[in-house]
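As they're listed, the protein sequences go chains A and B. Residues in the first sequence are numbered from 1 upward in steps of one, following this note's numbering. Residues in the second sequence are numbered from 1001 upward in steps of one, following this note's numbering.
Just so you know, these hints were derived from the structure itself, not from any lab. Backbone N, C-alpha and C fix where the C-beta goes; we use that ideal spot for every residue, glycine too. A couple of the hints might just be wrong.
[Stated by the list, open to error] What follows is a list of derived Cβ distance ranges for each label pair:
#1 A:K183 - B:P1023: 21 to 29 Å
#2 A:E241 - B:Q1004: 52 to 60 Å
#3 A:E266 - B:G1050: 52 to 60 Å
#4 A:A365 - B:R1321: 23 to 31 Å
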Amino acid sequence: MDLSHRTITQIGRYRDVNLTGVAPDTLLQLYRQMLRLRRTEEAMLAEYHPADDMRCPIHFCIGQEAVPAALSLHVKSDDYLFSHHRSHGYYFAKGSPLRELFAEIYGKATGASGGKAGSQDISHSETNFYSGAILAGAVSIAVGAAFGFKHKATRQISISGFGEGCTDEGAFWEAMNYAGKKKLPVLFVCENNRYATFSDQLKRQAQDNISERVRPFGVRATTIFGNDTVLAHQTIGAEIERLRNGDGPALVEAYTYRWNSHVGPEDDGANAYRQPGEMEFWKTNCPIVLLGEKLVEAGILNDALVARYETEIAAEIAAHFKFAKESPYPTDTNWRQMNYEDASPLADKLLGVADGGGNFDQNQAEAKLGPY
Amino acid sequence: MSRQLSYAKAILEATDQAMSLSPEVIVLGQLVDTKSGIFGTTTGLVDKYGPSRVQDFPVSENLMTATAMGAALTGLRPVLCHQRLDFMIYSLDAIVNWLALWRFKANMKSAMPVTIRTIVGKGWGQGPQHSKNLQSWFAHIPGLRVAVPATAYDAKGLMLEAILGETPTLFVEGRGLYSMTDHVPEQPYRVRFGQAAVRREGKDLTVVAVGLMVPLALRAAAILEKEGIDIEVVDPRTIAPLDRKTICDSAFKTRRLVVADSTWQSFGSAAEIITCVVENLGDKLKSKPARVTLPDSHTPMSRALEPEYYPDENDIVAAVREAML
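So here's chain A without its partners, still in its complex pose (with noise of 0.2 Å):
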């Protein structure tokens, strides 16, 4: 049945988080990476605004930690992953390094873009990431990432992250028909979080689900409650093997919430536009609380593990805090070689010269349009 952020908090507190046939060891990664996600994205909110040091636009991602778990695990360093401008838990997820991750935000030489792009642009070419903030052009990209692997026939996926904000822009409904149609090996993850901005879904759209609306395209879609880690594992697991296997493309749509205001670290409350009741609703219903009652539960997870998972993601932030805060700032002011590359190694190889041409006759009339 597909959901509706409508009707979901009738849910009220969800039970339904089932930990069968998933390994204790699957699990507490699980666990462990939303954690840091979450230890991460709490610290770089604390320290935003106070030094003043990151400054570039930060789209926090905080109560949106089951997905890029989940997809951690599914991922493989060949596939390639693209984000929009939320984008540090699609980082986590591609397990590109953190410590760019830090130096990029800080606009440091080191960072993953080399400090040009900060946090709604990085890239990180070496482990196949790469986000954007114009929305459905990422997901554009993305197919067309798939349509090469299709062409070479490899095992690899694409995969596109984004929220349902992005299916407002026609860029969406192209990349849907075209992925559908060549049965393209993409798998588009659509965290719903019912919001644009301030915008509710339902001002924008008819119905607040995408997943109906990309079944008639030929893109396979499952709505999954987008907090219960365990599903979003076990979906887009299933649905990246099938992927693999030539049987896409995919769409799976996690209804889910951000607990931030939709950019930085300020109450964006003053603009009205959550429901009453939703954020006590998601809150209750924290991914990582509902994960970690079962692992208690199951006798996987305890007070003592939990606290060696806090010391040790402390002690990574604070390594990457550093390592951003004293790394050199970028200097080159290259433009042209930033934005041009004049080497061509390719053409030095396979062109010849000729020799510079004859005389070209200029009296020669120009090419007659027949009709059309």
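Given chain A, work out where chain B should sit, using these hints.
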């Protein structure tokens, strides 16, 4: 006897040779796999290289460009074909927000060798939505190369250079040039970006002519020669990068400048060319620089107005005479 090929055939030959030289080269575009093949520039490629390398595409111009970008990230070298530049406008997001800045944003660690062929119509009532030349828009954007070949020789060499190079390239083809032949060597060869050609040497005035205006400028030169005016004709061949040095060297020699460009006047490439000359040797010019361009108007359909709208060699002759006074 030199080997003569039309502009259209030269583009076909360049694409064919690029596909033959590199298995990563693919061609995407509406109707590229049909017999008529984009006015004959892709005809037969699908038979030779198969449907996986020569693919028709839905009328989804933005996605087509994005698909080429993603494919390029996997190692492919896509060539996109737009039968009319006007349709390409749907892909502005992909070109301007993504393709042009990919290298910059990735801190020079990622390249997107994508070639976008786009054809500018002229004549037979193409009207305001089948004839726009927006070359200047794209030359304005960092990260893109813009080729405006005027001859079959340059079309082939620049096309090969674009496809096998590493910087995304917009390839602006004047449909009026399609039937014009030129000497075109059979071997695959390169024409470098940012290297203008001096089409005719002269001493009295420099005409910088772009794209479709090159043959017209040469015709104007023949007319002016009879009046004792000896003009030099410089063809930039690419407007991004622009060979400012060759242009300025020529203007320094002749001390007079007329720019003939096949796009609108205001904020166009002609303005940039004049600016670069004025910045470098404005106080050395003997007359005011002049532009011969399309008027700042959309293209009329009526055959009564088309000749009024498009400048011809007589307009260039008039501008040169004025500058020589």
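Does the Cβ pair E266 of chain A, G1050 of chain B satisfy 52 to 60 Å? holds, 56 Å
With 52 to 60 Å as the target window, see if E241 of chain A and Q1004 of chain B comply at their CB atoms. holds, 57 Å
If I claimed the Cβ atoms of A365 of chain A and R1321 of chain B lie 23 to 31 Å apart, would that claim hold in this structure? About 25 Å separates the Cβ atoms of A365 of chain A and R1321 of chain B, which means 23 to 31 Å holds.
Is the gap between the beta carbons of K183 of chain A and P1023 of chain B within 21 to 29 Å? holds, 23 Å
Checked against the numbered hints listed earlier, the structure breaks none of them; every hint is satisfied.
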